[in-house]
Amino acid sequence: MATLDFSDIQGFLLTSYSSHMPCANYLLLSIKDAPSCRNWLRQVSGLITTGNDRKTDFSLNIAFTASAFEKLGFTPAELETFSVAFQEGMNSPVRQQLLGDSGNNTPDNWAWGNANSPIDILLLLFANGEEELDRQLALRKKEIEASAGLTLIKSLGAGRQPDSKEHFGFLDGVGQPVIEGTGRETKQLSRTGHATVIKAGEFILGHDNEMLKPDPLPAGLGQSSFGMNGTYLVFRQLEQHVHLFWQYIDKATRNAAGESVPAEQDKLGAKMVGRWKSGAPTTNHPDSDPKVPPAVDQNNNFSFAHKDETGFGCPIGSHIRRTNPRDSMFNDPEVSLRTVRRHRIIRRGRSYGERSANVFVDDGKERGLLFICLNSNIERQFEFIQQSWANNPSFGALNNETDPVIGQRNDGNVFSMPGCPVRTRVHDLPDFVTTKGGSYFFMPGIKALQKLASGL
Amino acid sequence: MKQTVLTIITKIDPQRTGQLKGILAEIESDLCNNSYLPFSQISLVHFASFVIMDQPAAPSILVFENNFDGDLSDYLDQLLSVAPDGMNQIYQCCIGYQPQSLKAFLTAHVVLPNAYHIGNVGRTALDISCNRDLRVKLQDYLDQETSLAKPSTLSAGEFRKNIQGFTKDKIDLKLSSPLPPHQTFSERLVPWINLIAFGLLLIVLAVGLFPITIILIIILRQKEKSDKPLDNQSSAAHVDLLMSTENQIAQNHLASITDIKPGKFRLYTLKFVLFAVNLVARVCTHGTLSGIPSIHFAHWSIINNKQLLFFSNFDGSWVSYLDDFIDKAATGLTGVWTNAVGFPETRFLVLDGARDELHFKAFARNMQVPSQVWYSAHPDLTVQNIDRDSAMREGIWTDLSETDTKQWLKLF
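These protein sequence lines are chains A and B, in that order.
Each residue of the first sequence is one higher than the last, beginning at 1 in our numbering.
Each residue of the second sequence is one higher than the last, beginning at 1 in our numbering.
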């Protein structure tokens, strides 16, 4: 088993901070001048929250794009030791095509992370309340303004909704892998009734992954082990069109007399997600949201192969079955579980924007998810889930379906819900989510961060 | 009907390489209706490609990959009747070409695979597209019969009767007539007999000639210890060039060439392993090769006793294909490619090797060559889609129990 040096790992890799620190703001910076930027880095590097800290008031973490490393003096040979996806950037043509960022999602329309608004540094601030967040934000902004090395491009305010539900109305962040060596298995078990322990190397560089080999360790500033205890951080700003989602569902579920049927709306939404709004999985509760929550939360204690092979509970094409197929692939639960373990990510998303007062009405306000995930190998983990599962029209031998919630749309996409005697389909799903920005970052270990701050 | 997998390999006249590339680029720009070789009119073909492969100190070769229904002669006849001029112009760019007898020229340059795999055995390209059309019509019919607004109250049996009625009244017989079995009884039996006989013979030889077996293993281990695996990553520019044409349709294409490690020992080991792989592949007729459910057609050919060609037409992304290989077929593919220069470190022919994911992926990208032309007759169908469509049609007119009826209705 991996022995982890928590003092060298940024705290954000180990926890989302969401229970103690529901308020967050992400600062997107660009580097104007490398020496001044290094001075600023020296100032903030001492404030970065590590895996050893047990803070409850305020946390700070930091990550960098490839262009930042270039400006901070990495040689071309060193940059080539990083993941190709990271080197190219999320808005490159190859990545764009692979992630389905075409049509409305095209990087040309993004608010940041494209050619018009490139990003070098991501500074993540977390606080236990709005007041503390504002205070910390003011301090950090002052330091940035005082430094001649940085420009503040954007400040993205985020915060967990009070009940951990994302804007469509569903409980989010239920299923999360446990990193081996962090001792969080018991906590996850009691939180969701299920824990999958995954090799540390899938999320923390320098350790063995699920194939019992380490993923490539990036080099930098003359150090071959620069990447030690770092990870890749994927950030995407996803606008959620809440009214389109619920209007579509309302229209699809009206009865023969043309009246709305709230229970059927809830059901179709749940089938698309694979969970009821409460988070209860449709595999265990195929027909309605359980009214009384069980004594121990069992929201993640389920699998598909034996109980729900055909998808009567959780449709094959639903969001949670595509993004974590568990034991349902290849008609072989064991092989499926083994395969899926190599395609997991740690999700650290938080909602942004006000919650809709009426989900059926377009109030003209932007809201969505600041999607962040952490992984050691962007191609094998984040991109694989996006391309081979979520956006794959033939996933699970389906025809012309993509993820009904987050999927990129093709002409006439359908969503089918297996049933007896036959399946029911809904047609022509529109985009419920639009990519508004994004970048691939590298979140270094603490020692590597100090090296960055001290320079060559 | 059986499917045939082969390549036609010719040497390119170095003076005419540019001209040939121009023609191939034009074909690729409009695969179905270009003026040289309009693939949509070749009803026998499933997948085809033209790939130019450079050769050390020799003219480059043109590899024409073909995966088609029936025999070579009928297939060439169709190609040459649909595209006599285009084929002529392509092969005019090759050495030794004689315009009087293109068919004889092509036949003379056929290279049969040492091992091959077919995902949907016994289903012709025409069957596959008819089954697809049938499925679309029946799906639309079902959507009219049942929806969220108007849930159906029929039983499974009643539903089936209605589907049969609709099929009989509204659907062309061409789409719905019963299909022949995927394989005849003897087509299924003979491969098993071959495989078992081979397995028994192998055991008898290995035990009977035990000292020789030991000597061979010692030689193998010595060679494995002195082999030099490739250590560099594949270049980002090369990978980007390959990726720029990937993920346009349900399948992707992989064309590759590698040098076989020098010496007779490696060459014969490779021939032996491919022979065994081929015997196993002949009994893998349920759409999977060693548990991989996503390969339409794949084959290996040894050329000039020096190089190994590999062509594959597979579902989904390159990364998912390679991961499938690593997760499910690492033993077999290590046994094959460990005999090629640069493959990751291997023990006892089949251990380690491809399980070294990152080095194996770098090796696979390095040996891959861009396909100048690649055509798929089924751009929206995976192996599993094709199987499912076929099962839907096969079930329409057969006798089904109540349980089978419920299973059949799950296909829709």
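Don't take each hint at face value.
Claimed, not checked - Below, in silico cross-link-like pairs of lysine-lysine (DSS-like), each with a Cα-Cα straight-line distance of 30 Å or less:
hint, chain 1, residue 1, chain 2, residue 2
1, A, K277, B, K228
2, A, K251, B, K150
3, B, K150, A, K307
4, A, K307, B, K228
5, B, K228, A, K213
Calculated directly from the structure, the hints in this document are not laboratory data.
We went through each hint and held it up to the structure:
{"no.": "1", "hint": "K277/A with K228/B", "in the structure": "violated, 56 Å"}
{"no.": "2", "hint": "K251/A with K150/B", "in the structure": "holds, 13 Å"}
{"no.": "3", "hint": "K150/B with K307/A", "in the structure": "holds, 28 Å"}
{"no.": "4", "hint": "K307/A with K228/B", "in the structure": "violated, 49 Å"}
{"no.": "5", "hint": "K228/B with K213/A", "in the structure": "holds, 19 Å"}
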